[in-house]
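From first to last, the protein sequence lines stand for chains L and R. Count along the first sequence from 1, then add 1353; that gives the number in this note's numbering. Count along the second sequence from 1, then add 3; that gives the number in this note's numbering.
There may be inaccurate statements among the hints.
Claimed, not checked - Label-pair ranges, simulated between beta-carbon atoms:
1) R/Glu208 <-> L/Tyr1591: 40 to 46 Å
2) R/Thr129 <-> L/Asp1567: 35 to 41 Å
3) R/Gly90 <-> L/Tyr1591: 22 to 28 Å
4) R/Asn168 <-> L/Phe1620: 19 to 25 Å
5) R/Thr194 <-> L/Cys1632: 33 to 39 Å
6) L/Pro1491 <-> R/Pro120: 50 to 56 Å
7) R/Asn168 <-> L/Pro1445: 38 to 44 Å
What the hints assert, rightly or not - A few chain R residues that face chain L, going by a derived Cβ cut-off under 10 Å, partial list only:
8) Arg57
9) Arg68
10) Asp102
11) Val154
12) Thr158
13) Thr163
14) Ala170
15) Ile178
16) Asp189
17) Asp197
18) Tyr199
Unchecked claim - Covered, in the sense of this in silico footprint (three residues per stretch, anywhere, with C-beta under 8 Å from a C-beta of chain R), are these stretches of chain L:
19) 1506-1520
20) 1551-1557
21) 1580-1589
22) 1614-1628
Hints listed in this document are in silico derivations from the structure and should not be mistaken for laboratory results. Note that CB positions come from ideal geometry on N, CA and C, so glycine has one too.
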Amino acid sequence: MNHLTQPPHAGDAERRLDRRQLFRLGGLTVTTAALVAACGGTESPGIGRVGVAPTTTDLPDGSVDDVVLLRTAASIQHTMIDLYGELRSAAPSSASALIDLLIADHTADAEALNSAVAELGGEPFECGNPRLEELTVPAILGAINGDGAVAPSDDPARDALNTMFAMETYIAESHQAFVPMLSAPALRQAAITIGGEAARHAAVLALEITGRPDGYLEIEAPAEPPQIPTAYALSSLYGQLGGQTLVVGAQDEVGQRQNIALASPSFNTFVYEFTDGTC
Amino acid sequence: MPDPAPAVIDAADVASPHGLRRRLVGAGLVGLAGSLLPGLATRAGAAPDEAPVRQPTEDDLVLLRFAQQAELAAVSLYTTALSTELGPVTEAVLGRVRDAHLAYSQALGAEIGRTAPGSPAADLVTELEPAFAGPQSGMISTALGLENTLVATHTQLIGTLRSSNAAKLIASVVIAESRHAVVLADLSGVTEVDAYVVNDATPLEPAEG
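In isolation and in its complexed conformation, chain L is listed as follows (with noise of 0.2 Å):
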C-alpha cells in the first residue's frame, strides 16, 4: 500500500500539531542560549583540566626597543672586560698593552651605554652578558684551559689572541647589526662608533696574530682552507653580518678541535627590561 495516496487520518493531524510545539520550543531553546552566551563574561576558561594543576604564570614583556638594545650592548662590554681579564695570562707578552687597551675601551664603552641608558628611562646593566656567559665563554675557556673531558690547548697564546679577534669582530658586527635596529639618528651614532672602535681592535689584533704584511689582507685563497682560520685585518669589502666560527682548543683522538659559533645578538641574546644580571 501507498501510503502517500492514502487521505489522512485524524491522528496524523494531531501528531503535526505535536511537532510544531516542537519546533517553537527548540527556537525559544535556541533563542535563549544565544541570550545567555551574548550576556555572558568574555573570559576564557582556557584549556579544561582534570585534577588540581597549578595556575599559568604570563611571560613577561620580551619587546626589543632602544633600551634593550643599548642594555645588551653594555653586557657584552661587560662580558669582554671579564674575559679578556681571563684570557690574559695565557695571551703573550707582546699583547699586553693592546689587552690594555682593549680592557680600557671597553670599559669606557660599557660605561656609556649604561649612561645612555639611564638617560632614556632604563636600568642599566653592569654584568656580563647571561647567554654569553652562560655557554659562550665557558666552551671558550674549557678549550682552553681544558676541562675533565677536554684536554688544555695545545697553544694557549694562539688560542687567547683568536679568542680576542673573534670577540672583537662580534662587538663589531653586533653594534653594525644594532644601526637599523635602533630608533633614533643619535643612537645608531652611537652604535657605530663603537662598532667602528671593535673593528680596529679586530684589526690590530689581526696584525698580532698573523703579522705582517701577511696579516693585511688575503692575497691568494689557499686550496685547502686551514683549520683555524687566518685572521685578516682587511677580511672583506663590507662589515659583514653573518657570523663566524671561532676555532680553539687541542686536537681531539680524530684531530678536530672546538668549533663555537658567533652570530650577532638576537631574541635569545638580548638583554630585556626584565633580564637579571649574576655578577
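Use these hints to put chain R onto chain L, whose structure you have.
For chain R alone, kept in the frame of chain L given last:
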C-alpha cells in the same frame, strides 16, 4: 709624517691621550642620549615626517649623494696612487681599498636611484691628488687621513639620516673603512697602539644646497 691638507683631512695626528678619547666617546653617548629625550618622549604622537622610515627621505638623498661623491673621490685618488711605482704589498692593499670604495659608491648609487651624481667630489680630489701621486710615505699617510675622514663623515651621516636602510648600508661601510685605516696606519709605520685605533678626524661637510 706629512700633514695632509687642512680642513679636509685632519687625521694625520691620530695619536691622542687615550683618556681624552674615552671621555669624548662617553660624553658623546650621554650627550646624544640626552638630546634624544624630547624626541623620544613625543614619538608616540610624532608628526608623520618625524617617524623612522626605511626608504631615504629627500633630505637623506642629499646626504647620500654627498657620500657617493666622497667615495668616488677616494676611487679616483687610489687610482692615481696605483698608477705610480709601488711595492707589491702596498699595491695589493691600495687595490683592495680602491675596489672597496668603488663598491660603496655603486651601492650608494643603487640606494639613491636616478639622481645619483656618479661623479667624484672635485675639491677633495684636487686637494689630495698631489699627495696620492707623490712619494709612497706621504701617499700612505694621506690615505690614512682620508680613510679616517671618511669614517668620521659616514659616522656623522648615520646620526643624521632618518632612513634605516641607508643607515644600514653606511654602517657596513664604516666597519670596513675602519679596518682600512688600521692597515694604512701599519703601512705608514706607526708604532703606538693608540695610533691604530684613535680617530680624531674632522668629518667632511656637505656643500650648502
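Worksheet item: Would the hint on R/Asp189 stand, with a C-beta cut-off of 10 Å toward chain L?
Response: 6 Å, holds
Practice prompt. Evaluate the given range 19 to 25 Å for the C-beta pair formed by R/Asn168 and L/Phe1620.
Written response: 22 Å, holds
Item to complete: Using 10 Å as the Cβ threshold, decide whether R/Ile178 counts as touching chain L.
Response: 3 Å, holds
Worksheet entry | Supplied contact hint for R/Asp102, tested at 10 Å Cβ to chain L | 7 Å, holds
Item to complete: With 38 to 44 Å as the target window, see if R/Asn168 and L/Pro1445 comply at their CB atoms.
Response: Since R/Asn168 and L/Pro1445 have Cβ atoms about 43 Å apart, the given range 38 to 44 Å holds.
Discussion item. I want to verify a distance hint. Is the separation of the beta carbons of L/Pro1491 and R/Pro120 within 50 to 56 Å?
Written reply: 52 Å, holds
Worksheet entry | Assessment of proposed distance window 33 to 39 Å (beta carbons of R/Thr194, L/Cys1632) | 36 Å, holds
Item to complete: Go check the region 1506-1520 of chain L versus chain R for me, would you? Three or more residues, Cβ under 8 Å, otherwise it fails.
Response: Coverage by chain R is violated here, the residue count being 0 at a Cβ distance below 8 Å.
Practice prompt. Using the Cβ atoms, figure out if R/Gly90 sits within 22 to 28 Å of L/Tyr1591.
Written response: Given a distance of about 27 Å, which is inside 22 to 28 Å, the answer is holds.
Worksheet item: Given as covered by chain R, does the region 1614-1628 of chain L meet the bar of three residues or more with CB within less than 8 Å?
Response: violated (count 0)
Discussion item. Holds or violated: the hint that R/Thr163 contacts chain L, with Cβ atoms closer than 10 Å.
Written reply: 6 Å, holds
Item to complete: Evaluate the given range 40 to 46 Å for the C-beta pair formed by R/Glu208 and L/Tyr1591.
Response: 25 Å, violated
In the structure shown, a violation is registered for the earlier hints numbered 1, 9, 19 and 22, in ascending order.
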